[in-house]
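Participant: Chains as they are written, first to last, in our numbering: chain A, 1 to 481; chain B, 1001 to 1535.
What the hints contain is simulated information worked out from the structure, not anything from laboratory work.
Since the structure is predicted, the reported quantities are computational estimates derived from the model, not experimental observations.
Be careful, since some hints might not be right.
Covered stretches of chain A (in silico footprint by chain B; criterion: 3 or more residues with CB under 8 Å from a CB of chain B, positions within the stretch not fixed) [unchecked claim]:
| # | region |
| --- | --- |
| 1 | 48-56 |
| 2 | 176-186 |
Selected chain A positions facing chain B (Cβ under 7 Å, derived; list incomplete) [to be verified]:
| # | residue |
| --- | --- |
| 3 | P41 |
| 4 | R272 |
| 5 | F274 |
| 6 | D278 |
| 7 | E351 |
Think of the CB as a built atom: it goes at the ideal place given N, C-alpha and C, for glycine as much as any other residue.
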Amino acid sequence: MSKQYETVIGLEVHVELATKTKIFCGCSTEFGGAPNTHTCPVCTGMPGSLPVLNKQVVEYALAVGLATNCGINQYCKFDRKNYFYPDNPQNYQISQLYLPICHDGWVEIETSAGTKKVGIHEIHMEEDAGKLIHDEWEDCSLVDYNRSGVPLIEIVSEPDMRSADEVIAYLEKLRLIIQYLGASDCKLQEGSMRADVNLSVRELGAPQMGTRTEMKNLNSFKAIARAIEGERKRQIELIEEGKKVIQETRRWDDNKENSHAMRSKEDAQDYRYFPDPDLTPVVISDEWIQAVRDRQPELRTEKLARYQKEFSIPLYDAEILTGSKHMADVFEATVALCGRPKEVSNWLMVEAMRLLKEKEQEPDDMAFSPENLAKLIGLVEQGAVTRTVAKTVFEEIFANNVDPEQYVEEKGLKAVSDEGALRRTIEEIVAANPQSVEDYHNGKVKAMGFLVGQTMRAMKGKADPAAVNKIVKELLTGGAN
Amino acid sequence: MERRADVSILEMTAVELGRKIKSREVSVVQATKAALEQIKALEPAVHAYVTVDEEGALKKAEEIQKKIDAGELTGPLAGVPVAIKDNMCTEGMLTTCSSKILYNFVPAYTAEAVRNLEKAGAVILGKTNMDEFAMGSTTETSAFGVTRNPWNPDHVPGGSSGGSCAAVAANECFYALGSDTGGSIRQPSSFCGVTGIKPTYGTVSRYGLIAYGSSLDQIGPIAKDVTDCAAVLETIASYDKKDSTSIPREDCDFTSALVDDVKGMKIGIPRDYFGEGLDKEVKDAILAAAKVLEEKGAIVEEFDLSLVEYAIPAYYVIASAEASSNLSRFDGVKYGLRAKEYEGLHDMYKKSRSEGFGPEVKRRIMLGAFVLSSGYYDAYYLKALRTKALIKKAFDKAFETYDLILGPASPSTAPRLGESLSDPLKMYLGDIYTISVNLAGLPGMTVPCGLDSRGLPIGMQLIGDCFQEKKIIRAGYAFERSRKYQGPAIAADPKAAAAQAQRGALCGNAREWEAAAAAADKRPADVGAGKEVRS
Ligand SMILES: [Zn+2]
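Looking at chain A on its own, in the form it has when it is part of the complex:
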């Protein structure tokens, strides 16, 4: 490959908002109800039903827009996007085309190549569709409208990204902002954040953009990175072979690590957008914008600075702690309970991160309560459990959210601080290992470590290591020292 190519990427990110009710009716947005139980005449498109806008949706969209430096259309409207499909009960989706709520924003991203701004073209509000389920047994399709009318925002970026790294950094940035705002949990796997990748390549320095494709069905950051790499290669190959890239929508298959065309621009539908006459324009006052600004919670950048200053936590650690809103929440709640930020940070940074990695989980998946971690830290501090025991207890907290006080009691893991009992055990061990005693006296200091280890094993880790050390040394040196 003699020529140098540049990849140009823009993203369309759909985010499911964390409202309790749907965008145009009072139905619950909760996951997992029996099919068609979170529905009403409005979200099933019954004749005569009318949509009424959920104000919280505007509030969240505004918050995201403001946090991403967008301009706000203080007079915005909803439009109907007309297309026939059974998951769409009215056969039109209520969305925003002509006057979306937010426009022309940006976020700053950081990659190994440095920092850069990624432009946001617009953010608009819209409703989600229902779900089609194919019944193989009956050979028919069924529709579940529980998701129909769940509020979404679509964040459309400018074509400002040049690599998979930048795309991931941009998505991470958006995810953190939105999570911190409480506007969504942004879980790619569960579909509460979905990204479509628009990608084109051009010869480096070429003034014009190449023909772009749109890639759908990307369910994880890893899939996104693989899809970008795959599509970049595919397009370059086409160009090198003197063929043309066709403007089309492609579907990524992450198992096969390739994509196939879904539909080309030629058979793109005419959605016949027009303003929805059932909804009045949304008028957003200066006061409303200010109120949303005032209510804006502490975002990551501010938290990062505060952790370093208030808790004297090093930058690297603070970055990990604030790398997920949930992790930061657990950290702060635990600190509030036990008042030991460094200790809490250590448990999360070392033990929690290790377990997450082992279990291939994300920080958002941590399900234990801050109370239990705080209690464990308390037990260690009191000397009620040894650090060794504490680690295994933490594993139980992490996996099953056990109450450490109860667990330690039940399993008999309390540290033995009764010196008499400890001394008797050590005396037995010293007596049983005359060779080690001799080695110690011959200058092999390591022998003492062996005896301490034997003691700890005999005590099943419950002994306080400091006390064991002290007694072993006394016995070896014959008393006062």
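Please build the complex by placing chain B with the ligand on the supplied structure of chain A, with the hints as guidance.
Facilitator: Here is chain B with the ligand on its own, set in the frame of chain A:
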């Protein structure tokens, strides 16, 4: 003996009947039975109803009588039987929009306007015939057969609320609800010699009204006189959070405007409404009505409204655009008609909609889809929206000078059956005096003002500025004092109706149609045998 008593009940207005019910001179059951008997006697000739709920109405009548006796219902309409246009959802009662595609649709909820009536103690007799999805001006586009004008069965009752207006004129109910998107209350009221109001957009909730043109649709009363219309409008008007276009109003005490006094009221007569195309007899009757108001002290002047000729194209673009989207939900997936045989989803859509919709509905869906298509949106839809804004401005300007605008409701009296359908463009042009009122969101009322030489009713239209229903009610009421309500002959003479019925075989209601169609195997008896999604 009893028959005569019932005839005298049937001739009462809704408010008169309400009063007699309150004073225990007439019972609710008695009134309901009288209406049901009238329906039985006249329906073969008129066919105003798609569905008659005899059992439900009688049961309801008993319930309401008990509530009245217990002092729980005291309003002016308590116990008075009503007919509802078949595009308003009624829980548990077939709601078809006079379309095959909804031939079996039974809503799970009731339209807000109808609920307001129910709260006031209304007895619902049934659902009235209409142009399919309210698209038409004659009630001939109904999938369940035409409705005949009670004044002359060879003529149409007008539309799209033709069934409601014919039912009121034929004494087959004491009042009715209609809906008006481009004149669908005012024009048939004019053709049937009854009174009807299209309120200011946003006054009556549209929740549960199956939409035609959402930005234009408004529910309103149809009755024998202005007093009834004011009382009904007062009852159905409400701010409804379920309808985003609903407007909170503090001035819905419309009956307070029933005052016989128009002294000093400035009434404008648009010259544009009296030019070419207006029937001479209609023109004379309207000008004579204006004279009556003038004699009562109103100041009547001619003026130029302008832009009148642009209203029709703007209306048909906007209403059809909205309709093309509003009606896309009727697809055979969730409810209503599904084609019997199809291959795959696309074919199911195509066949269900092809079989389910009539030609006029298809025409407007295609027109609407066309004006919204990319490349045509600006030239048609946006231009129509701009025209709409200009028309509103022209009215605003007129209302700086005038309290009211007076004109005809239609260029002619009721045409003969079949005359309009052959020439849709001509039918569209017939809406010229009513359409701009919807485009500007204004209130308008039709009040009968005479008969033509063929004995067909003529209606005068009074148009007010937004929220000025009281002015049109006041003027209409004052005018009405000058004359006596006159109904068609058959209303008082069921024998004449039987004779009329002989003159033409008429299609029955939706259920009969369903049975007939199933028998002819045009359509599966178990429509939607695949899977239906229910909530
Ligand atoms: Zn719902």
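Participant: State whether the coverage of the region 176-186 of chain A by chain B holds or is violated, taking the criterion as 3 or more residues with Cβ-Cβ distances under 8 Å.
Facilitator: Our answer is that it is violated, as 0 residues pass the Cβ test (under 8 Å) against chain B, missing three.
Participant: Minimum Cβ distance from D278/A to chain B below 7 Å?
Facilitator: Because about 5 Å separates D278/A from the closest Cβ in chain B, which is inside the 7 Å limit, the hint holds.
Participant: Are 3 or more residues of the region 48-56 of chain A near chain B, judged by a Cβ distance of less than 8 Å?
Facilitator: holds (count 6)
Participant: Interface hint check: P41/A, Cβ to nearest Cβ on chain B, cutoff 7 Å. Holds or violated?
Facilitator: holds, 6 Å
Participant: Double-check F274/A for me: the hint is only fine if its C-beta lies closer than 7 Å to a C-beta in chain B.
Facilitator: holds, 5 Å
Participant: Do the numbers back the hint for E351/A, that is, is its least Cβ distance to chain B under 7 Å?
Facilitator: violated, 47 Å
Participant: Holds or violated: R272/A as interface residue toward chain B, Cβ cutoff 7 Å?
Facilitator: Holds. Min distance 4 Å.
Checked against the numbered hints above, the structure violates hints 2 and 7; every other hint is satisfied.
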